[in-house]
Amino acid sequence: NAGVTQTPKFQVLKTGQSMTLQCAQDMNHNSMYWYRQDPGMGLRLIYYSASEGTTDKGEVPNGYNVSRLNKREFSLRLESAAPSQTSVYFCASRDRASSGANVLTFGAGSRLTVL
Amino acid sequence: AQSVTQLDSHVSVSEGTPVLLRCNYSSSYSPSLFWYVQHPNKGLQLLLKYTSAATLVKGINGFEAEFKKSETSFHLTKPSAHMSDAAEYFCVVSDWNNAGNMLTFGGGTRLMVKP
Chain A
1 NAGVTQTPKF QVLKTGQSMT LQCAQDMNHN SMYWYRQDPG MGLRLIYYSA SEGTTDKGEV
61 PNGYNVSRLN KREFSLRLES AAPSQTSVYF CASRDRASSG ANVLTFGAGS RLTVL
Chain B
1 AQSVTQLDSH VSVSEGTPVL LRCNYSSSYS PSLFWYVQHP NKGLQLLLKY TSAATLVKGI
61 NGFEAEFKKS ETSFHLTKPS AHMSDAAEYF CVVSDWNNAG NMLTFGGGTR LMVKP
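Protein chains in written order, with the numbering used here: chain A, 1 to 115; chain B, 1 to 115.
There could be a bad hint or two in this list.
[What the hints assert, rightly or not] Pairs of lysine-lysine residues, derived as DSSO-like cross-links and limited to a Cα-Cα distance of at most 30 Å, are as follows:
1) Lys49(B) x Lys9(A)
2) Lys49(B) x Lys57(A)
3) Lys14(A) x Lys57(A)
To be clear, the hints were calculated from the coordinates, so they are not data collected in a lab.
Could you put the whole structure together from the sequences, leaning on the hints where they help?
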C-alpha cells in the first residue's frame, strides 16, 4: 500500500522556468492538499481539492495552479518559478467519510530550489 | 479564525529524561487537535489526535498530550526520551467545515536528544 506518492523528490529550476509536481494516492480519499514547508513557518496550504472536480485556494496560492485530474491525482504547477518558491512541497490526502476524518496522510515531500 | 503557537522552536533533552513540547491554540469552535512528527527528509506522520473525547490522549511511541480548554493548550509529553525521538514536531488545529480544509499548523518544534 503506497499511500501518497509525490514526484519528483528533488528539482532545481531557473527563475522563469515552469514545472509540475505530481501527486497520487491509492487510498480512495476524497480530499487532497498541497502544502509548502518553510523554516519556522510550519506548513501552509497552497491549494486543496475537497473532491474530484473541485479545487480551492488556500493560504498562499499566488504563483501556483492545480489540477485534480481524477480521484487519485492532484498536480501542482508553477508557471514561472521565482526564488521565493524555493521550498519543500507536501501533498496530502484525507478521507472525510471515515472515523479518521481530519487526519492527513502525507507524501514524502518534494524539495524545490529556484535559482 | 484559528491559530496555533508552538512556544519553543527548539528543545534539547538528554536521553532518558522527560520531554515537554508546548502548544497553545485559538479556535472559534470546538477544535480537533493533532500532533504530527517529521523525521529528517520524511513526510509527516500522525502521533496522536484529540477529537472531543478523553482529554488525555495517548499516541504512538509513548507520547501523550492533554487537552486543557481553560488554558487553550495541548502540550505533548513523553516520560523518557529516546534517541529515535529526535525530529520536528507540529501541533495542528482543525475547525470542521464543509470543505474540511481548515487545518492550521504551528511553526514546529525541533527536538534534539543528547546521549
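Legend entry - Restraint status (C-alpha distance of lysine 49(B) to lysine 9(A) at most 30 Å): Judged against 30 Å, a Cα distance of about 28 Å means the pair holds.
Inset, instruction - For the pair we were handed, lysine 14(A) and lysine 57(A), check the Cα-Cα distance against 30 Å. - result: Measuring from Cα to Cα gives roughly 25 Å; hence the hint holds.
Legend entry - 30 Å Cα cutoff - pair lysine 49(B), lysine 57(A): holds (26 Å)
Of the hints listed earlier, there is not a single one the structure fails to meet.
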